[in-house]
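Since chain A is already given, all that's left is putting chain B on it; use the hints.
As given, the protein sequences belong to chains A and B, one line each in that order. Okay, so the first sequence: first residue is 278 according to our numbering, each after it adds one. Okay, so the second sequence: first residue is 278 according to our numbering, each after it adds one.
Hints are computed from structural coordinates only; laboratory data are not their basis. The hints are all genuine.
Copies of the same chain look alike in the list, so a pair counts if it fits in one copy or across any two.
Result set (DSS-like, lysine-lysine): computed pairs, CA atoms no more than 25 Å apart in a straight line: (1) Lys360 to Lys467; (2) Lys497 to Lys473; (3) Lys497 to Lys553; (4) Lys360 to Lys372; (5) Lys397 to Lys467; (6) Lys361 to Lys397; (7) Lys497 to Lys467; (8) Lys360 to Lys397; (9) Lys361 to Lys372; (10) Lys397 to Lys372.
Number of protein chains: 2
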Amino acid sequence: MSRVVVAIDCMGGDHGPVITVPAAIAAVDADPDLSVVLVGLSDTIGAALAAAGRTESDRLRVLHAPEVVAMDEPPANALRSKKKSSMRVAINLVKAGEADACVSAGNTGALMATSRFVLKTLPGIERPAICGVLPSMRGRTYMLDLGANVDCTPVQLLQFGIMGASLVGALDHVDAPSVGLLNIGVEDIKGNDTVKQAAELLRLSGVNFYGNVEGDDIYKGTVDVIVCDGFVGNVALKTSEGLAQMLGVVLRREVTRTWMTRLAGLCALPVMKAFKRTVDHRRYNGASLLGLQGVVVKSHGSADAFSFGFAIGRAVEEVRMGLAGRISERVNQLQRGAA
Amino acid sequence: MSRVVVAIDCMGGDHGPVITVPAAIAAVDADPDLSVVLVGLSDTIGAALAAAGRTESDRLRVLHAPEVVAMDEPPANALRSKKKSSMRVAINLVKAGEADACVSAGNTGALMATSRFVLKTLPGIERPAICGVLPSMRGRTYMLDLGANVDCTPVQLLQFGIMGASLVGALDHVDAPSVGLLNIGVEDIKGNDTVKQAAELLRLSGVNFYGNVEGDDIYKGTVDVIVCDGFVGNVALKTSEGLAQMLGVVLRREVTRTWMTRLAGLCALPVMKAFKRTVDHRRYNGASLLGLQGVVVKSHGSADAFSFGFAIGRAVEEVRMGLAGRISERVNQLQRGAA
Numbered sequence: 278m279s280r281v282v283v284a285i286d287c288m289g290g291d292h293g294p295v296i297t298v299p300a301a302i303a304a305v306d307a308d309p310d311l312s313v314v315l316v317g318l319s320d321t322i323g324a325a326l327a328a329a330g331r332t333e334s335d336r337l338r339v340l341h342a343p344e345v346v347a348m349d350e351p352p353a354n355a356l357r358s359k360k361k362s363s364m365r366v367a368i369n370l371v372k373a374g375e376a377d378a379c380v381s382a383g384n385t386g387a388l389m390a391t392s393r394f395v396l397k398t399l400p401g402i403e404r405p406a407i408c409g410v411l412p413s414m415r416g417r418t419y420m421l422d423l424g425a426n427v428d429c430t431p432v433q434l435l436q437f438g439i440m441g442a443s444l445v446g447a448l449d450h451v452d453a454p455s456v457g458l459l460n461i462g463v464e465d466i467k468g469n470d471t472v473k474q475a476a477e478l479l480r481l482s483g484v485n486f487y488g489n490v491e492g493d494d495i496y497k498g499t500v501d502v503i504v505c506d507g508f509v510g511n512v513a514l515k516t517s518e519g520l521a522q523m524l525g526v527v528l529r530r531e532v533t534r535t536w537m538t539r540l541a542g543l544c545a546l547p548v549m550k551a552f553k554r555t556v557d558h559r560r561y562n563g564a565s566l567l568g569l570q571g572v573v574v575k576s577h578g579s580a581d582a583f584s585f586g587f588a589i590g591r592a593v594e595e596v597r598m599g600l601a602g603r604i605s606e607r608v609n610q611l612q613r614g615a616a
Numbered sequence: 278m279s280r281v282v283v284a285i286d287c288m289g290g291d292h293g294p295v296i297t298v299p300a301a302i303a304a305v306d307a308d309p310d311l312s313v314v315l316v317g318l319s320d321t322i323g324a325a326l327a328a329a330g331r332t333e334s335d336r337l338r339v340l341h342a343p344e345v346v347a348m349d350e351p352p353a354n355a356l357r358s359k360k361k362s363s364m365r366v367a368i369n370l371v372k373a374g375e376a377d378a379c380v381s382a383g384n385t386g387a388l389m390a391t392s393r394f395v396l397k398t399l400p401g402i403e404r405p406a407i408c409g410v411l412p413s414m415r416g417r418t419y420m421l422d423l424g425a426n427v428d429c430t431p432v433q434l435l436q437f438g439i440m441g442a443s444l445v446g447a448l449d450h451v452d453a454p455s456v457g458l459l460n461i462g463v464e465d466i467k468g469n470d471t472v473k474q475a476a477e478l479l480r481l482s483g484v485n486f487y488g489n490v491e492g493d494d495i496y497k498g499t500v501d502v503i504v505c506d507g508f509v510g511n512v513a514l515k516t517s518e519g520l521a522q523m524l525g526v527v528l529r530r531e532v533t534r535t536w537m538t539r540l541a542g543l544c545a546l547p548v549m550k551a552f553k554r555t556v557d558h559r560r561y562n563g564a565s566l567l568g569l570q571g572v573v574v575k576s577h578g579s580a581d582a583f584s585f586g587f588a589i590g591r592a593v594e595e596v597r598m599g600l601a602g603r604i605s606e607r608v609n610q611l612q613r614g615a616a
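So here's chain A without its partners, still in its complex pose:
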């Protein structure tokens, strides 16, 4: 397999190096063709390496960056005044060709703004988008945009469809991934003008367009890719997180109610573990920032090491499959077709 170098923003996320460094170590141990650059406060990273009984090496380099972007920092602020942040330095490595990809669990808005500023968008792409993956009854559903763009034009939604299909093609080796447009009904007359025009563009685009889908189709697995604007996508994602969390809390409350229910819960433990494994959001961690001249993957801020490892794996896979090139090619094809 081809050698891949991933720059890791070790300071991002709720936990920082305590999580990101062990995840990086596990990743290089599992993949002999992977090297990582651990970017951030070298003291803290060194301590995390030492805690794992490791030292810096060729495949586990440390690069000091003196600043940290806060999780709630306004993106414009991070872009303007945190030029030596671990996030910025990690992205710079991709721009300079010293790394093939950047992975960060940091501030999403800042990551998108910085990536866009440093790496630039691919030719023909108006706006990059955040593409996440969710479990479904039939496997997994990719969804974009998850929050980078609150207002989208029909052309931008079309481009999201193209980018999403390219991602699924690269990661899941699907030939012509099906693309659905998120709407509030399956009929053509449903939705606002933007969505109606986007449907028209997608229908004519050569993308394998399924048509309109609804919120429940995310989990039914009706299509491979669901396209929506970042406002709607973010609400759908957060709503799902909230519901899953509530169900977990209510279930735990029921199980611990009496000694009878505790016993019952104990008996059902293997079932619950298998259940949790299937829907474990940690296995779906890693959202791709698509449409950039380079691979950038965003991990959930609260990710643990296991979960952060999936985000690293996603970045490696995108590099190996030449994702950015695939997207460019597809956009160019369509533009030649339209011309």
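For chain B alone, coordinates are given in the frame of chain A:
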């Protein structure tokens, strides 16, 4: 308690009179001050009454309506050419003062369009909205709009907030229900222009405005009422339905995998039942069409009799609490305040 008459569109929903008639019977049996008018094809309704060992009575009247609005019929079509539909006739009863409320499990778009045409909106209300209720970790969250209005102005979102707060005040006897605005971040700078302006209006309105909330706040129970446009609200609702359904399917699959897991599942049955009861969507059935000169409640199309009964109960409660009057009063107060 005051006498209430509810007109029931017996033909609406996926199952029609098989569900709606038994639910109506149970409702009048439970509430001596409730009468219902069963509207629809009198033969089918008569058969459903007979199947329950009942006949028509003063409190269980049958009113024949020869037409039925199909679940997938375009609302404009239903409005124009189904003037003798069970839905239309039931709403007409409210307009004529012969019923206090209408309950239907039928076509949502047609129900909204017909209600608006026949009953008219309350003075000062620009657009009626659909308000549903969802379980939360702290009780329940009301949310509107769930799909009647795909595009909303800031003023309309403000009015949704007022209507939702009036509903919670009436149903849950809360003095100053908290209202949140659905957004993709809690900071004021988040979201599109419409949402930002709506936040400003809500802040100045005298409504107990909490500020921005995110998708997961629906289930956290951060506020009593969540306001959003109908596109976003519908996606959030359907996404939740889809996730809950998938989790149910995956759990059943895990439980029935081997005889060991079946046994474990059997042991855990009381826990699962208690769990299901807490989050049983049937107990939350019944979405209120707010902003009309009359009470109209929409049941889920797939509701069973138990579930449809909750929608009837909701309508009765709204009538007894004088909901339409409360909304009018609140809107007038605000307009006087603004003048």
